[in-house]
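Q: What follows is the residue order along each chain.
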Amino acid sequence: MKHTHAISLTVNGRRHELAVEARRTLADMLRYDLGYTGTHLGCEHGICGACTVILDGSPVRACLVFGVQADGASVRTVEGLAEGPDGELSDLQQAFSDHHALQCGFCTPGFLMLAEAYLAEEAERGRTLSEERARELVASNLCRCTGYQGIIEAIVATATARARRSGGPVDGGPVGGGASSEPADDR
Amino acid sequence: MNAIGARLPRKEDPRLLRGRGRFGDDISAPGQLWARVVRSPAAHGRLRSLDVDLSAKAPGITAVVTAADLPPGLVIPVRLAAADLDLSAYLQPILAADTVRYVGEPLAVVVGDDPYACEDAAELVEIDIAEVSAVTDARAAGGTVAAEFGAAYGDTEAAFGAARHVVGIELAIGRHTGVPLEPRCLLAVPDPGAGSLEIFGMTKVPVWNRDLLASMLGLDETLIRVHGVDAGGGFGVRGEFYPEDFLIPWLAVRLGRPVKWAEDRAEHLVAVNHSRQQYHRISAAFDADGTITGLEDDIVHDNGAYCRTHGVAVPDLTVAMLPGPYRIPAYRGRVRVVLTNKTPCGTYRAPGRFEGTAAREHLLDVAADQLGIDRIALRERNLLTRDEMPHRRPITTLRTDVILDTGDYPALLTATAREAGRLGYPTLAGARTAGPATGRRPLLRGFGLAMFVEKSGLGPQETADVLVSKSGAVHVLAGGTSLGQGIQTALAQIAADALGADPRVIHVTTGDTAAQPFGGGSWASRSTVVGGSAVHLAATAVRERAVVLAARMLEAAEEDLEVRDGWVGVRGDPCARVTLAEIARAAEPASRYLRPGEPAGLSARRRFEVSHMTYPYGAHAAVVEVDPGTGQVRVLRYLVAYEVGRAVNPMLVEGQLRGGVAQGIGGALFEEFSYDDSGQPQAVTFIEYRIPTAAEVPPVDLLVSQDAPAPGNPLGVMGAGEGGINAVGAAVANAVRDALGLAGGVGQLPLTPARVRRLAEQAGLAGQAGHVGQAGLAGHVGLAGLAGHAMGGAA
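Chains as they are written, first to last, in numbering that gives the first Met the number 0: chain F, 0 to 186; chain W, 0 to 794.
One chain only, chain W, in its complex shape (with noise of 0.2 angstroms):
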């Protein structure tokens, strides 16, 4: 049977639609402890006093710690480092100590019998703070530059200098994050008898939390558990190793009780890392027809007061990859990380590319109208081809080297150009509106598209073992992590068609490092690619053992035998079979059919080890309908086509790419953790940061293709889990830019009815006519008779 490929029901939503699901605020233990962090209200100063004398006497608390109970010296270490880079002196304490440098910073921890109580006596720990001035702006003076470092090959100094046309934009991408739905949560359980703690509520990374918290308390790395649990969402925010993941385990070990921490919105808004904000300065160098000859972007990127887990992985894989599918001979990308007064950065679903994507794409609509090319046209002439694949750049990201490795990046442009059309995107964008918007000022319509290089599949290995148990169930612990991405059920699906054995037989375990030791984890798009393939390597090896042992329970030569749902038979015998169960207790010790010394069990471990990342690729194509009067920005229609290689499941792959345009909506429009200039955040609750609801998010029109498939993973897959975010900042820019008939780029995300206002005024639009975008224009021309898809530019 073939199981990859099916679209078959999730493994997790039985129990997520009971009710039942563990995520880790599920679960508690007896004699819990609930813990509150208590957080800088002050953006920068010097911390001169903190007593907890009051809070620590309030009724129900057990204790409260700052800085001068933990053990001293102890930093957050990066988990990403880049090479030659040393942001050691950058780095998270667990607890400030003398300086405090955003708001939300963790200063004390309160620990008692209830979580209300706690909240009471938080508010008790008086805190003395110097405050001096506070830097929030990356660009300004004063911010503390963690690294420049940048990607260059090519001599662009040449080629800007040869160049027939330079055209040039600026965009700043606003500051916004993942927000999983759950905020975070841990539960510690020490046992000090045996000296071990177990931990629920950790994921993305198990193994690497597991024996990064067992290096800190002094702990052999075997005696922490860290088990799976649903995690309510985690877009590359949950389950880095923040300072509570120190915290909790370290009082729960120190108090020997369970202590549970459960963080509320407001928290989570201030604590979790943030992502994303970075100001472009993008050029391009092109010849007289159009063709690339040189890229260059300058960026500050704003990392927030510390470098956390993921270092400089943002603006280092913005670099990388802001080529894109391009043919770009010069290149040259610069960053400078400051440091600000802000909540610190990492990484957020599709880090560097949603931002590096929206640079480079609507520079390129801004050069092809100034360039009087069709914007279509423009992105044609320059990708790269088939012939040209596998690509290498002369560049390194996360320490691979970037080598583009299949696809046929023209081929998907037109499919994308063609759907579009077949859905009357052209002609959408470009219908008058009928009624009088706000202020008798007509509705714009615009149409905008983006073109994108995804990654996906980082190893450097992953592990995987299968198991058979007696009763003819098929275990899979795998070292990904559940986070809604559907990985269990992906995981059976890739088990089940190398095992022949039918999927609803396979449990697959996930983010539990007793089970799976050698985790790699869930992130940068690697679960399915690389953790499937170790999958794939353990089944395919127990389904060759299963053949061995009934070759011998059957007497029967190996090569006679078949494997097929859930048996092994002598081919065209079907009286000479034996199930999957009968074989696994075949292979008990002390069993008959097991040789001396062979080793009992019918089970393998396989890892699977890779160099080198596999890059999936994709289109964005929007319909905006815009209010020159009061800004309001609404996404008409949206389209993603998108290449994985292959798609284990084509509903699962769907899911991703919707979820993801819905997000990179809310980063295109409407989120955006804004500070005031005292360095105090001022999105704090769900009513100032605003992530989309159904009002907000049209339904997605989707194309997945399965025609290249990865080259360097035995299944050929390829990462499904940020393609649908990458390019939505571009898309929705390029389409309002189109709508507001700009010359130039809309200079800033999210386009926040305030910022679409000003652009509307400073275009002469207010009170004007409506302007009809060039896509409605061309659409009128016909998109269907293209000898391929000029849509947009000036037709």
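Just chain F, same shape as in the assembly (with noise of 0.2 angstroms):
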């Protein structure tokens, strides 16, 4: 028989109890018990961060993470980022879109998780995000259609937009990189 164990959880505002084995992973239990399967696997040794979700305000891999863990834990994932099923994107799934961060889409929710944390944070600190930066937090996770740069392009933009309107700075560096790059508004 399976050994389990009562938990609760919030994913997006939502309560769940359920009971679960102490080795299902969060990932497998977000996807499998909960529906949640805007959550993928990539790799689930903790490489690719395609199962990045948003656990008490911080990114982890879900895959990396035991379901039990997350008892009286509130959770974020990719469906808790537009407003409602249906509703608007979120500035962030429209930059993606906008800047063709997207390819198959499969990782991209990994990706929209960990930016959203971190923009998160960034904001909370008051700072906004150079390229540079933006580039070393888009090489924690894996992509492998698009070669990152409308990723990276992506996130800034998003947070350059959000830093204008909550009046906050918005030099946090070049925009647009290298010498080649066009600024990510243009595009």
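Any given hint might turn out to be false.
To be verified - A few chain F residues that face chain W, going by a derived Cβ cut-off under 10 angstroms, partial list only:
id, residue
1, K1
2, A5
3, H39
4, C42
5, F65
6, D85
7, L91
8, L111
9, Y117
10, E121
11, A133
12, V137
13, T145
14, Q148
Stated by the list, open to error - Computed Cβ-Cβ distance ranges for the label pairs, DEER-style:
id, chain 1, residue 1, chain 2, residue 2, range
15, W, P58, F, D32, 13 to 21 angstroms
16, W, D501, F, T3, 51 to 59 angstroms
17, F, G12, W, E608, 51 to 59 angstroms
It is worth saying that the hints were derived from the structure and are not from the lab.
Keep in mind the model is a prediction, meaning the values are calculated, not measured.
In this text, a Cβ means the ideal position worked out from N, Cα and C, and glycines have one as well.
Take each chain as given, in its own frame, and dock them per the hints.
A: And the structure:
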């Protein structure tokens, strides 16, 4: 018999109670037990980051966290970014589309959640994002389709737009990077 | 309106960004079982016994099957059969019965109600293999030669005999593969009552796969429906017919329950097709002024343990495409396809071209230096010119004649050199770095350029249906599959253009064998060229049909009608208009606008047939920085110039090129499936198999050219999927060689730190003052003022 643990957690603001085996990963729990299939598994050993979700405000690899560790926690997945299932895309999601930051879309939820958590953290510290820091951030995860340029541009553009909206500094660094890159806003 | 050529946002984006895409593993069925494949832990040996008793008794396990349970004699056939080659002795069985031939070969399948329980039970299968020595080097004795063939024309013996200069190099290309971010997955849902079967997770060639599966299961093919799903990257490897593509549906039918299999990454890296591993011994004959008079390449192709669905497509394409964009009067390419005890091989994005372009373009740089000719000038001297197009090579590949259909190769080379100069590549390559590198050795910089011809648009056909529903929505039922390339967007643009409709009202269905039973699939850069042309024909036919019906509805003459923005109306009379929705309703059965015997519905099915491929072309340029102390190579800048004929959506073309470069950098510098002497794979996680991150991929500069529309299709389009990766190995190898100032070639790709360090030591660079690549020196001379572009070579 399976030995299970009763846990409860909040996912995208909705409370769930369930019984899971101690060894069940948070990723499998989200996908198979709770139906949040937007969290993708690309390697199951913590390298690719496709399964990145936000756990109590911090980005985590959901393949390296056990479901029971999320007991009492608040989890945000890609399904929680837009305003409702058919509502408007978030500014970050829209920027990904505008900058052609996705092709197959499999790694995309991981990049979105990574960036969402990081942007929130940086905004809290009153910092904006340079292209160089965005590149470092994006290097946390793997994408096999895009070559990363669009992802970096989308994240920088979102950071810049958010800073502008909140009246904060927007001079976090060159937006377009190297001599060849166009400014992100021109694309 | 002109929907073709617009940078429209992708139709695929909203669902994927919301996490509402439908990947194979996102779909589950009630009562579903899970499968886990038990794989060989040994590279080569006799399978003495396979004891599944303990495994079958494990909690939650429904069945454990081995080769003994399968229908006898099943092997996976070749999809891309080459003429005159019998590979039947080398095909892969579904499950190994007596002999295992590579680590990862499927031996058994455990089926149960929970994936964790299945993994546990898989560990309980007792495998007894009497190991024998493994063949891990295709050049060594002992490997089975599965095929030997080549391509040749002209008298190479005479050319080399009379040559003023003969230059040769050896270049080994590493073993790597596509590694889509989504591992493979299959869900098979049987309907025992109807005797039918639904499959989720197949892609690339769903109709071919369905037909093969049907024949293997002894089912009528229309009883199997392969559903269209999102696929997390294809790159040639995903969607071919693998052992699991039989096993999972077969188990579902046998057990009468849905069965799902989701591969993990460790499995993927030993189970999915590998590619690329070839050893080239290439040489060229030149006359006194550097004109190529002959080209020869002797290739050993390491095919792994079996011939899979691609047969010998990779070496076949290698020898067929090796002459590239040059005028080669005499040519001989020979390949020996050797089986080794490693994962079997198939195609991976730009198969045969990544390899062949690297060999040829690296040879040309070595030759230019030896002949004392500028590297670009040597290429220029030998490029086919516009006047020589179309250029027929007496070679065939994939059962088509090689006819380079159109283009201006010298103009593209000039444009590339000019753009690289404008962007400051030579200056950057020539700049001495300020700080000391590891071990106080200065960093070295180099510039590399490579030219290539791609191929795209393989036939023989593609079929598309276009139909307008009563709401006015337009449905395109296409034969391609969605792999991340944006096919749904591109085909919507093509349909919108032909139909005079807004791309937003167009819905594109891909990969569904019930919707499009005649689809040829998405591979060989064919979706836009062949699939797009079929959509163009079908949408044009619907437009014509809409005009006929509108004429009846409006009681007007057809020639007085115009089609725009989703309506058909009398030119100059805004009151006399009918929308596509109204016309679709007028085409319903029993409509008074239909004539007796006329088929109902506003729809058309059309087929585009083509017997020759279309050949895009391009050039790559790279600036690299090499640390001779550590052997680390950084790509600082990268430029791709590429002719696409016509870009349906330039944003998608750019995305394809950029993504290809990133993968190519992986193959040029980082990615390698290495094996130890016993055949144990050494790269089974993303720690050892290092695909580039954003830290390794520079911003990519692009020069997308639309100067040479393809003559062989109504849209003038050429494929864009493989031009970004084709010449990366070549350009990076050339740039590293330039940085190190090597007289010969680099010898081997990928240029891992250990190899680069060895090359630096051999070049006597360990501890020496920095060497600046030739390109760099030439760069100081100044590129902009050149009548051209002599930026490489002995300035």
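Q: All the hints need checking, so say for each whether the structure fits it.
A: Outcome of the hint check:
no.: 1; hint: K1; result: holds, 8 angstroms
no.: 2; hint: A5; result: violated, 18 angstroms
no.: 3; hint: H39; result: holds, 7 angstroms
no.: 4; hint: C42; result: holds, 4 angstroms
no.: 5; hint: F65; result: violated, 12 angstroms
no.: 6; hint: D85; result: holds, 9 angstroms
no.: 7; hint: L91; result: holds, 9 angstroms
no.: 8; hint: L111; result: holds, 7 angstroms
no.: 9; hint: Y117; result: violated, 13 angstroms
no.: 10; hint: E121; result: violated, 17 angstroms
no.: 11; hint: A133; result: holds, 8 angstroms
no.: 12; hint: V137; result: holds, 4 angstroms
no.: 13; hint: T145; result: holds, 5 angstroms
no.: 14; hint: Q148; result: holds, 6 angstroms
no.: 15; hint: P58(W) to D32(F): 13 to 21 angstroms; result: holds, 19 angstroms
no.: 16; hint: D501(W) to T3(F): 51 to 59 angstroms; result: holds, 52 angstroms
no.: 17; hint: G12(F) to E608(W): 51 to 59 angstroms; result: holds, 54 angstroms
In the structure shown, a violation is registered for the earlier hints numbered 2, 5, 9 and 10, in ascending order.
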